[in-house]
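Participant: Under the numbering used here, the residues of the sequence shown are numbered 48 to 632, in order.
Don't read these hints as lab results, they were simulated from the structure. All residues carry an ideal CB built from backbone N, CA and C; glycine is no exception. Fair warning: there could be bad hints in the mix.
DSBU-like mimics (lysine-lysine), calculated; alpha carbons at most 35 Å apart, straight line [said to hold, decoys possible]:
no., residue 1, residue 2
1, Lys436, Lys93
2, Lys414, Lys400
3, Lys68, Lys228
4, Lys96, Lys351
5, Lys437, Lys416
6, Lys307, Lys436
7, Lys94, Lys502
8, Lys230, Lys93
9, Lys416, Lys228
10, Lys351, Lys68
11, Lys105, Lys310
12, Lys235, Lys94
13, Lys235, Lys93
14, Lys436, Lys153
15, Lys502, Lys437
16, Lys400, Lys235
17, Lys94, Lys153
18, Lys535, Lys94
19, Lys222, Lys68
20, Lys400, Lys466
21, Lys105, Lys466
22, Lys153, Lys457
23, Lys310, Lys228
24, Lys551, Lys603
25, Lys551, Lys502
26, Lys416, Lys457
27, Lys466, Lys93
28, Lys93, Lys68
29, Lys400, Lys416
30, Lys222, Lys259
31, Lys414, Lys436
32, Lys94, Lys400
Pair by pair, the computed Cβ-Cβ distance ranges are [unchecked claim]:
no., residue 1, residue 2, range
33, Asp433, Leu489, 43 to 53 Å
34, Arg278, Thr111, 23 to 33 Å
35, Gly350, Lys400, 42 to 52 Å
36, Thr556, Ser500, 38 to 48 Å
37, Lys603, Pro141, 17 to 27 Å
38, Asn168, Gly587, 24 to 34 Å
39, Gln198, Ser474, 32 to 42 Å
40, Ile537, Gln198, 47 to 57 Å
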Amino acid sequence: MKVVISLYVVVLFAIPVLEGKPLRPNILIIFTDDQGYADLACYGNKKNKTPRLDQLAKEGTRFTSFYSQTVCGPSRSALLTGRQPLRSGGWGMPASEITWAELARKAGYQTACIGKWDVSNRKPIVDRMPNAQGFDYYFGALGANDNGSVQFHENNRAAGSSRDMGGLVRLYTEKSIDFIKNKRDSAKPFMLYLAHTMMHTIIDASPSFRGKSEGGLYGDVVEEFDHETGRLLDVLDDLNLSETTLVIYTSDNGPWNQDKYTKRKKGHPEGSVFWGEAGPLRNGKGSPYEAGYRLPCIVRWPGKVPANRTSDAIFASIDFLPTFAGLCGFATPDDRQIDGIDQTELLLGKTEKGRDYFYFNRAGVRKGKWKYLRPNAHFHGYAVEDGRKKLDELYDLEEDLGERNNLADKHPDLVSELKELTTQLESKRVTVDEPTQFQIRLKDRVPQRKSASIKVNAGQEAVIFEVSDPSGIGSGSIHLRNGQWPEKVILRVLLSGLEGFEIKVGGKTFSGAYHGEGAPRRDNCLPVRMLDTEGSPLSGRYLVESDEGGGTNRRKGYYEIEVPQALLNPEARGIELSWVDFYRR
């Protein structure tokens, strides 16, 4: 179920087009994990051999001022939504966020996500998993491999696990190849988002690559990445898709290169150094210094993106959504703050100008060559520099890429300007507790009861009202303040045993009590389903089952009722509800 903050917003769309219509390329994003700015030979590494990625850079444009985010989940929510993590939620990205996959799918694209998801709190929360966020197909791990294992899901269902970290790069590449060869609808353009787990913390390479590089185990993984990326690109060639496919290779954040983390983390392969190389950049993952945010980025689209080009224009992963909107012909919503900008002209070589500024989450901002960090700039614990003084920091990145010479005292006016810009960017944060389209009222039946709630998850085509009540007996109402009801109105009841449920709408009263799947239903009864958290039917009548010790366990799930559209006529402005839980207290 897709959730948005408000239901009926007049949305104005401006879809940039070239020569009168969108170009609509296929899009392949290859997204690595914790890779250093200087891990690839084409970015200056002298130990790791990366011929396929070096060739990709020769065939396209290599960006040297590309920014992602400083840690995993925030990086992914920003990439998917075009919104900074303080708006898009990071690991806890809410279902109300709109991804470019959703928008592209509505515009006729086939979409797939392979690999590390990491924006549903690393849990199988269906409304926040890839299928619900716009991807037609998903295979991968919802979280990371911090304990040396991953648990897979295929679409919304669990699909086994693995402790073979050395096999993940090839596995995800094989799944991507299988999508392109066998699952892809050749009549549609596609978007494939391949988000690798490597090189995150517990790294390993396959036997074919382990011990073969000059860069230790980490270098082995880099070289295997290079090889597997080449195999995927070869499939595009074999299927004559290269000329119509925009390829983007980048990473989520900088290398995890701090002793504070290494000394307390256990489980790494013996003798391994799992982090990458940041080159001239300061610090690494979790830090607002350049090595935390600045990543390698290579973009190729033969005949469209200039070949053998290096660009130092400021470009960022938050720019993907508005850029894809222009290239692919879908609409960018205007009901929320979008932090990204359309970089089509930059990608196609029609300009060398990129972003004017880039915001570092809760830390500061870069504008042109100048970078400002506030005294209390946010660092993740392992990235804190013990000797750092909490002062305003200002760096000239053209002259001091390593951020060693603080010029704040010499340019107080510039510090004031960038400090104000940082505050302005943060002030655009929008939080809304519930859509104002509906008014929710609850009525207590039991004195001193635990509070009940009706939460609203609303979209333009559907709305879910989620009823929960720890005491198990209560009532409430939902009133439509303006506009019309969405096409689907769903009541989701989080009680343990739906013994009684009454609905009044349009002057008529209906029962929503659940008597088990297949039980006879009277004329005034609405269809009720008992579902697990993945939306699959459950057997029995109650969400409580007995255990071997004679006790009981609450099964994960809910009751769901869809209110017939015929009842929601223009005069029906309200729905009254009352409920009784068999296991009420």
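Participant: Give a verdict on every hint.
Facilitator: These are the hints, each one checked on the structure:
1. Proposed proximity of Lys436 and Lys93 is supported: the alpha carbons are some 34 Å apart, at most 35 Å.
2. A distance of roughly 13 Å separates the Cα atoms of Lys414 and Lys400; the hinted pair therefore holds under the 35 Å criterion.
3. Only pairs whose Cα atoms come within 35 Å are accepted, and Lys68 paired with Lys228 is accepted, the gap being roughly 28 Å.
4. Proposed proximity of Lys96 and Lys351 is supported: the alpha carbons are some 28 Å apart, at most 35 Å.
5. Between Lys437 and Lys416, the direct Cα distance comes to roughly 22 Å. Compliance with the 35 Å bound is thereby established for this hinted pair.
6. This hinted pair checks out: Lys307 and Lys436 have alpha carbons roughly 18 Å apart, not beyond 35 Å.
7. Among the hinted pairs, Lys94 with Lys502 is inconsistent with the structure: their alpha-carbon atoms are about 55 Å apart, more than 35 Å.
8. Between Lys230 and Lys93 the CA atoms are separated by roughly 39 Å; this puts the pair beyond 35 Å, and the hint is violated.
9. Between Lys416 and Lys228 the alpha-carbon distance is near 44 Å, which puts this suggested pair outside the 35 Å criterion.
10. Between Lys351 and Lys68, the direct Cα distance comes to roughly 15 Å. Compliance with the 35 Å bound is thereby established for this hinted pair.
11. Distance check on the hinted pair: Lys105 and Lys310 sit about 39 Å apart at the alpha-carbon level, beyond 35 Å; violated.
12. Between the alpha carbons of Lys235 and Lys94 the distance comes to roughly 41 Å, so the proposed pair goes past 35 Å and is violated.
13. Our distance criterion of 35 Å between C-alpha atoms is broken by Lys235 and Lys93, whose separation comes to about 42 Å.
14. With a CA separation close to 50 Å, the supplied pair Lys436 and Lys153 exceeds the 35 Å bound.
15. With a C-alpha separation of about 42 Å, the suggested pairing of Lys502 with Lys437 is violated against the 35 Å cut-off.
16. Note on Lys400 and Lys235: the hinted pairing holds, with a Cα-Cα distance of about 32 Å set against a maximum of 35 Å.
17. A distance of roughly 45 Å separates the Cα atoms of Lys94 and Lys153; the hinted pair therefore is violated under the 35 Å criterion.
18. Distance restraint check for Lys535 and Lys94: the Cα-Cα separation of roughly 58 Å exceeds the 35 Å cut-off, and the hinted pair is therefore not satisfied.
19. Restraint check: the Cα-Cα separation between Lys222 and Lys68 comes to about 32 Å, which is no more than 35 Å; the hinted pair holds.
20. Between Lys400 and Lys466 the CA atoms are separated by roughly 23 Å; this keeps the pair inside 35 Å, and the hint holds.
21. In summary, the hint linking Lys105 to Lys466 is not supported, as the alpha carbons are separated by about 39 Å, beyond the 35 Å threshold.
22. The suggested pairing of Lys153 with Lys457 is violated, with an alpha-carbon distance near 52 Å, which exceeds 35 Å.
23. Using a Cα cut-off of 35 Å, the hinted pair Lys310 and Lys228 is violated, with the two alpha carbons roughly 44 Å apart.
24. Only pairs whose Cα atoms come within 35 Å are accepted, and Lys551 paired with Lys603 is accepted, the gap being roughly 28 Å.
25. About 19 Å separates the Cα atoms of Lys551 and Lys502, which keeps this hinted pair within 35 Å; it holds.
26. For the proposed pair Lys416 and Lys457, the alpha carbon gap of about 16 Å is at most 35 Å, so the pair holds.
27. For the suggested pair Lys466 and Lys93, the alpha carbons sit about 39 Å apart, so the restraint of at most 35 Å is broken.
28. For the hint linking Lys93 to Lys68, the alpha-carbon distance of about 44 Å lies beyond 35 Å, and the restraint is violated.
29. The hinted pair formed by Lys400 and Lys416 meets the criterion: a straight-line CA distance of about 13 Å does not exceed 35 Å.
30. Note on Lys222 and Lys259: the hinted pairing holds, with a Cα-Cα distance of about 25 Å set against a maximum of 35 Å.
31. Taking the CA atoms of Lys414 and Lys436, the gap is near 23 Å; set against the 35 Å cutoff, the hint holds.
32. For the given pair, Lys94 sits about 33 Å from Lys400 by alpha-carbon distance, which is consistent with the 35 Å threshold.
33. Between Asp433 and Leu489 the beta carbon distance is about 51 Å. The supplied range of 43 to 53 Å therefore holds.
34. At about 27 Å, the CB distance of Arg278 to Thr111 agrees with the hint of 23 to 33 Å.
35. A hinted range of 42 to 52 Å is violated for the C-beta pair Gly350 and Lys400, which are about 22 Å apart.
36. Roughly 23 Å separates the CB atoms of Thr556 and Ser500, a value that falls outside the hinted 38 to 48 Å.
37. Our hint of 17 to 27 Å for Lys603 and Pro141 holds, since their Cβ atoms are close to 20 Å apart.
38. The hinted range of 24 to 34 Å is satisfied by Asn168 and Gly587, whose Cβ atoms lie roughly 28 Å apart.
39. A beta carbon spacing of about 39 Å between Gln198 and Ser474 agrees with the range 32 to 42 Å that was offered as a hint.
40. In this structure, Ile537 and Gln198 break the distance hint of 47 to 57 Å, their C-beta atoms being roughly 29 Å apart.
Comparing the model with each numbered hint stated earlier shows that hints 7, 8, 9, 11, 12, 13, 14, 15, 17, 18, 21, 22, 23, 27, 28, 35, 36, 40 do not hold.
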